[in-house]
Every structure is written in structure tokens, then in C-alpha cells.
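Participant: This is what each chain is made of:
Protein chains: 2
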Amino acid sequence: MSLNEFDLIKGYFKSKSAAVDNDVCIGIGDDCAILDVPDGYQLAVSTDTLVSGVHFFTDVDPYRLGYKALAVNLSDLAAMGAMPKWISLAITLPEIDETWVSEFSRGFFELANKYKVSLVGGDTTKGPLSITVSVKGLIPRGVALRRDNASDGDLICVSGCLGDGALGLESKLKDIPLNDRAYFIDALELTDPQIKLGILLRDLASSCMDISDGLTQDLKHILKASLCAAKIELEKLPLSAALKTEVAKGNITEQQALQFALTGGDDYELLFTIAADKLPILEKLIADYNINISVVGTIYKNKQPIIELFDNHKLVSFSQEGWDHFQQGKQ
Amino acid sequence: MSLNEFDLIKGYFKSKSAAVDNDVCIGIGDDCAILDVPDGYQLAVSTDTLVSGVHFFTDVDPYRLGYKALAVNLSDLAAMGAMPKWISLAITLPEIDETWVSEFSRGFFELANKYKVSLVGGDTTKGPLSITVSVKGLIPRGVALRRDNASDGDLICVSGCLGDGALGLESKLKDIPLNDRAYFIDALELTDPQIKLGILLRDLASSCMDISDGLTQDLKHILKASLCAAKIELEKLPLSAALKTEVAKGNITEQQALQFALTGGDDYELLFTIAADKLPILEKLIADYNINISVVGTIYKNKQPIIELFDNHKLVSFSQEGWDHFQQGKQ
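Residue numbers (the numbering used here), protein chains in the order written: chain A, 1 to 331; chain B, 1001 to 1331.
Derived by calculation from the structure, the hints in this document are not laboratory data. All of these numbers come straight from a predicted model, not from anything done at the bench. All residues carry an ideal CB built from backbone N, CA and C; glycine is no exception. Some hints could be false.
Cβ-to-Cβ under 10 Å is the rule here; a few derived chain A residues that face chain B [as the list claims (entries may be wrong)]:
1) D30
2) P38
3) G40
4) T49
5) S52
6) I91
7) K126
8) R146
9) D148
10) M209
11) D210
Now the stretches of chain A that chain B is said to cover, found in silico as 3 or more residues with beta-carbon under 8 Å [said to hold, decoys possible]:
12) 77-85
13) 131-145
Using the sequences and the accompanying hints, generate a full structural model.
Facilitator: Written out as C-alpha cells, the structure reads:
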């Protein structure tokens, strides 16, 4: 494989990266990209690497890989309330496979174009397959959604449905018979970052992050940063109609469904806290946006960042064997 | 290797990344870093990936790898006239080797601290060794040094000396007896990005880039972008005293020395063009900075981006056999 072939690939991305907005003063082709940050705005940046065989299956559909490599980064911007603007893409390929690259870039640019994000640079190198995406977004100065500002009495909210992506991953790892496997694989691979919701939350949420590792694991980050604890009401976890159907058909148990929703990860929904009196304002704002919000618990002041789980007002704990109901105790 | 071990490594970098300036509003630990861009400034960004066995020797000294991974990116900022501010570091490691990571980060942060650049994020993943650095710098709106603005009569200038890094690389690839091998290896691996010069050139140079692939190859980018051609005077190429010593001792020929300087790459000096009447202004400005500048040629208007080489006013061409003197012709 010659350098020229790599130049071809670089050209391939460059040709698709025509600036979709005029904030790109100098794009691909100089030593750096030069980007216009409007006065009064701050820059939000996030970087993620996906390695073949570690973060994705080696036989992954390249269209979906290109899509998801960008989606997980845009989700980080959504979690700060930032508007996505620019991407750098560093892609390392063992060989030139034009069909693969074409499909990868089709998935990548489908999402980039949807959110009007410009590819402004990066690198194309030879080596074991991996992808590093660095996204940059803008946010008015001082309104970024942090993790460390949840406070006593705040409601804990999540967007969309939880657990679908986790069942998608489980069905790729194990041979589980499912009623609608394609739906869950799509939930895993074609997640839509909650950009609009993040922006609407700017002046309303007290803390926010995206759910990549699972509700309880990610909530702990907010609790630790905010010096709080949380009560979660299991019956309020938003499960999709599709997930409920799998339970109804006996393909998974209700306990498994709840576990996917609580700990599964890969949902890329937003997890946020909001003062109770601000929730109606948010609900009015999102009414036109086709965004679902569920209140799943409350924050309380506590030195330890614990999460108490309630099943219809009864404190429960979870173990390998399933849910245990008991009167007192903490998870 | 467990996830916890990777978390240790992440913590290792995080502990060294205390914000060295107050423009980092939110640093490592949230979904994104939030960075303050002062009103009136533009953002300069550049991303480079270094892959083991491709861009560096697999047995490379990790201190020098950490240093150079940042240096080549800072050099891109220098070439735009930008002030470096923030870095994201995505590092993929096959295994945790604490000594290796410690040395890598020591080299990385030695340069980061020198230029007061803050590590604001990134990713640490398991996989074949590679490093992607994304740097962000600031530049007052509208003064970035482009490649497409060289014009007829401009002087072609380079900073420092040329060819030392190339001889360093050659001495690693082939067993060449050298008088001072360590000097040339240092020139290859411990290059100092020309940040100060880039900033001084902002209102003076008509075009600028850094020399990573070699003077002639990089100059062609300026010529193509500016629709110009160039004359280079070989006797004006700045060769270091060390390189001249290797020639004097017969370790390399004078032709080899000139070829390293012309085409060798890895110098990371700045190549820029400047109107003749502005050069004295620049020379006064840099007098206190210990920066050497050499005028090595001139720009002229031409549809083809050719480079003519002159040896004491005689047009010459270069072939595999060496330099050919002739009366007319073009390289």
C-alpha cells in the first residue's frame, strides 16, 4: 500500500467535508484549521477512540461504525448543552478497502450532515484499525451543564427509553431468540445523540451527563461530583414497547429488562437532574420536539454517593440471583 | 489487564494535567472540557496520529515519543502563528507498562509545561500502540498564516538549520559512522516547535508552513496554493556546524548534506515567505529571541509550481547520481 493510496483516502474525506457553515475560516489543507468562535461563546471538546476488537466487533458494518464513532462523541456535546460544530477524524487502517471506506464515510457524514457538523481535519494513517474522533462544539459562556451541581430534592430524569442498546449488545454476544432483534441492534448501533434536549436543558437542569455505561454507573458520577445520594423508582424506568414485548413473549425476564435499563449502558440518552419547579417549564419546551422525558427518582443530600432502589415504594437490592425485597438496607 | 488498570493510567495523566492557565473552565472528568476563547480570537486545531512501526520505531524511547508526539502538533500551530493552549491525548496501549507510561508522560509534559499547554481530555484504550494528539491554539481573528498568499518577489525564508533530523533518521536506518550521532538523533527526536517565531510572523509573513516532509516538498504546497514558482539558492541553505563537520570528516558527501537539507524532512523549522521590505522589521524583532532566519530563495509568478535550484547562480538539477550543472532547464 503506497502513500498515494492513503492520499486518495484523504481526498475522499476531504471532498465530503465542504464547510457546511461559514465558521470554518480555513478548513482541511493547511497546517491547522482556523475556526471562528463567536464572541461570548465557550468551546466544548471531547475525544473518543474506538479500537477494533475492543470497542466494536471486527466484522462490524462500516456504515454503522462510521455513524456510531461520531454519535458517541456528539452525545458528549449534548450532555454539556453544546451545539456541535466541528470534527477531527483520525482513522488508522490496515489496508485500503474502498468499499469499506466508502461505507464508513457514508455513515459518518450522514450524522455529520444531520447536525451540520464540518469535518475540519484529522489524519489517515496505516496500522491496526482504530478511529479517534475529536468533536468541538459551542456554548454560550457560563451555561455548560456540569456534573457537580445536583442538589437536595432535585428530580432525576432520563430521556427516551433505557435498556434497548444493552439487549442489542447481549443479542450479539449470545444467541438469544428475540421477537425484533433488528430493533435492538439498531438501538445499539444507530443511536441518535440528544443534541436538542441538551440545548433546551441549559438554563434548567442542575446537572447532566449522557448514559454510556449504564444508568446507575453514570448516576454515581453525578452523585460523587455533587456530594449527594439518589433514590430510583424501578417502576418508573422507561422501557420501550419492544422491550416489554420481549418480556411478554418470555424471551427475557422482567428482571433482565430492568437490569438492562439500570446497568446496561449504550443508551446514549441524557441523564439529568432538575429542580422540581422547573420540570413543567421543560415539559412545555420539549412538547414540540418529540422528546420523551421520564422522572425516575430523586436526589437527597448524603455524604456517600449511594443509590437506593425502590420497587413500588419498597426498598430492594439486586444480586446475581435477581431482586431481593427487604425492609431496610441500601444498595 | 483490567479496566481498573486503565483507570490508573488515566488518573496518572489527569494528575499531571492541572490546568496551567485559567482558560480551562471545566477540565478532565466531565463529558467535555469547556474552554474559554477570548473575544476576538479564532481557534486553530490540528490532529496527528503516530502509529508504532509506521511513524516511530517499536523500540523508541518513550520519553522521546511523548515529547515528539506533542512537538509535531505544536509545530502545526506555530506554522499558523497560533499560541498553543490545550491538548487532547488519545493513547492506545497493548498493555500497562508503568515505566513506559511514566516516561512517555514525562516527555509529553516537559514540552506541554514549557509552552503552558493544558491537557484537557482524551481517551486511554487497549489495543495496538498508537497516539493521536489534537492540539488547540488561539490566534487573533484574521491574522492566521496561510499557505496561499505568497506573491511575486517575496523572499523565501527558513528558520534554524536544515537536514540534521534527516541525517538522524538515516543514521537510525543505516549504520553510518558519524562524528556526533547523538546530536543528529536529538535533532530528529527532540525538535523544538517554532512557536515564538510563528507569533512574530503574524503581521509580516505572506505565507508559512512547517517543514515536516522536506523543504522542496513542503514549499510545493505553498507554490500550489499561491499559484507561484520558486528559485532556491543551494549555497544559502542553512547547514549546522555539526552537519558541515560530518562533510569535512568525509562521513557524508556535500551532496548528501544538501539533499538532506532540501528533501530530508523532520526539521520542523518554519518555511515562510515575506515581502523583501519587511525582512528588516522581522530581523529586528527576532534579535532578542535566539532565532536564526535564512533567506534561501525568491518567489516568482508562474502557472506551474516549479522549483528552480541554483548553485552559485548556476541552474542545477538533481538526480539519483547527484547534482548536474547545466545552463538551462528546470527541475
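Participant: If a hint holds in the structure, say so; if it does not, say that too.
Facilitator: Right, here's what the structure says about each hint:
no.: 1; hint: D30; verdict: holds (5 Å)
no.: 2; hint: P38; verdict: holds (9 Å)
no.: 3; hint: G40; verdict: holds (7 Å)
no.: 4; hint: T49; verdict: holds (4 Å)
no.: 5; hint: S52; verdict: holds (7 Å)
no.: 6; hint: I91; verdict: holds (8 Å)
no.: 7; hint: K126; verdict: holds (5 Å)
no.: 8; hint: R146; verdict: holds (6 Å)
no.: 9; hint: D148; verdict: holds (8 Å)
no.: 10; hint: M209; verdict: holds (5 Å)
no.: 11; hint: D210; verdict: holds (6 Å)
no.: 12; hint: 77-85; verdict: holds (count 4)
no.: 13; hint: 131-145; verdict: holds (count 7)
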